[in-house]
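Keeping the supplied structure of chain A fixed, place chain B upon it in accordance with the hints.
As you go down the protein sequences, you meet chains A and B in turn.
For the first sequence, our numbering assigns the number 1 to the initial residue and increments by one for each residue that follows.
For the second sequence, our numbering assigns the number 285 to the initial residue and increments by one for each residue that follows.
I should point out that these hints are in silico values taken from the structure, not numbers from a laboratory.
These figures come from a predicted structure and were not determined experimentally.
Incorrect hints may have been included.
[Said to hold, decoys possible] Straight-line C-alpha distance at most 20 Å; calculated EDC-like pairs for lysine to aspartate or glutamate: (1) A:LYS6 <-> B:GLU298; (2) A:LYS260 <-> B:GLU298; (3) B:LYS329 <-> A:ASP203.
[As the list claims (entries may be wrong)] Residues from chain A shown here face chain B by an in silico Cβ test under 8 Å; the list is partial: (4) THR10; (5) SER21; (6) LYS45; (7) GLY243.
All C-beta atoms, glycine included, are put in the ideal place defined by N, C-alpha and C.
There are 2 protein chains.
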Amino acid sequence: MSLDEKNWFTEIAEEAGTAFSLRVNECLHRERSDYQDIAVYQTTKFGRLLVIDGYVMLSDRDNFLYHEMLVHPALFTHAAPRRVAIVGGGDCGSLTEVLRHDDVVSAVQIEIDERVTRVAERWFPGLCTGAADPRAELLFDDGIEWMKRAPSGSLDVIIVDSTDPIGPAAGLFNAAFYTECRRVLATGGILVQQSESPLLHLDLIHDMRAAMAEAGYGALATLTFPQPVYPSGWWSATMARTGANLNGFRETAAERRKFKTRYYSAAVHHASLALPPFMQEALD
Amino acid sequence: MSLDEKNWFTEIAEEAGTAFSLRVNECLHRERSDYQDIAVYQTTKFGRLLVIDGYVMLSDRDNFLYHEMLVHPALFTHAAPRRVAIVGGGDCGSLTEVLRHDDVVSAVQIEIDERVTRVAERWFPGLCTGAADPRAELLFDDGIEWMKRAPSGSLDVIIVDSTDPIGPAAGLFNAAFYTECRRVLATGGILVQQSESPLLHLDLIHDMRAAMAEAGYGALATLTFPQPVYPSGWWSATMARTGANLNGFRETAAERRKFKTRYYSAAVHHASLALPPFMQEALD
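In isolation and in its complexed conformation, chain A is listed as follows (with noise of 0.2 Å):
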């Protein structure tokens, strides 16, 4: 059977060998940026859906999990996450996850393309209300030479929120990057980053771990969640500290967390860091 493009969004990972498509009413809006193409679908049943360059980047229907599953995780982990950084992450639904947290007193968020924040506060409202928080910053600018010109000890928790590492994005999956982070993040400090498909992106997630090792982070850990919109629907995240281990979960916190999640939760975040036997025999 074939998907005419009028009723259909597609995207092809060409590498995997598979496409998926979420069916459209409309485009409701297009732009190239100076950086990429940004474009905005109506679907049936996913609500609205963020496209750049032809990636499918969210929908309103289960981006929850990825937003959720990014940030909890890594600051429920940290002891005290007052000071965050999110490295790209421009549709604002990151910084509006960790702004739920009242340990935080500055989250910061570098996207490069402005475009994408404009767009995503038109058409997804409910991603960015954490950018009218008064401890929200948004700035616009280039994540890596940001994070060489941020003062040593200055950050808790690093959130890398990008794009697949082609294109702009290239620049955050490797050591370079990861040992700028290192000298921003203070003692404790836990940098984590979209890791990629555990079934599709074995090899990235592992070359990411040896990298993120070789910067001198100690501590690694990898955790997956669904994600229905993303190649093979399965997602990965990976946290890392420098030091021995990413212990100290504040699992109490968790349980008693005064926001409302709809996929995290205490009991997910130790089932989401157990990997099954072909992803530890792959990243061992």
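Same frame as chain A, but now just chain B:
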């Protein structure tokens, strides 16, 4: 972007507003059995693909997720799974996983469509190794009728490995069938059934659990796992037992299992049962 029919197999999940496609080199086999249309494709990246009535059943690459998670949680939760029946499961993948357990003395597979098994034997020989085991019995019969004739208390585990609850499998998702299964299960027996997508079919999971409760199963547990070739890429199975709980996970036996698994482990067993808040709220 549109996908040509020649190079892609596409399954549309109309009610979800999604479609999933696999790039294929050729259609290896196609027939119309007495019950359904059966096709096998050679994909470029997922090995061979089994399709029934246009719905993806399994691929070489990722069926381990489904088969391991349908079988091992139930068998390691039962105290001594000696007598097992599989309703459906004509591809023999579940049967083969069942027979990895030394405790099992008999495993009967009741598949309505013999052609599914014959096609699997030819094109997916790796799934069918269990069929040659002397403990295996392959019947080609209606699972609902077979269950009505089965002696009371004659089974320890019933695995319902069926297609979606439409067409031939519709009768496997209601209280009348579950009541018959309850009669056939011995004390402590477990029924486990594939229960569709947590994201897309939460109403169905709810209704299945309600029908199981109506049929007298006091203990229910739904577990989730990734399954990239199924709609949403996220799937579930639901276990049911007459009695107060589904405790009794033989964790040490699971940890010391003599057979190799790629997804299942004792830790993954626990993790799969940690339901996210949105599921718990919908199922409570």
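Hint compliance check: list the failing hint numbers for this structure, sorted ascending.
The structure conflicts with hints 2, 7, although it agrees with all the remaining ones.
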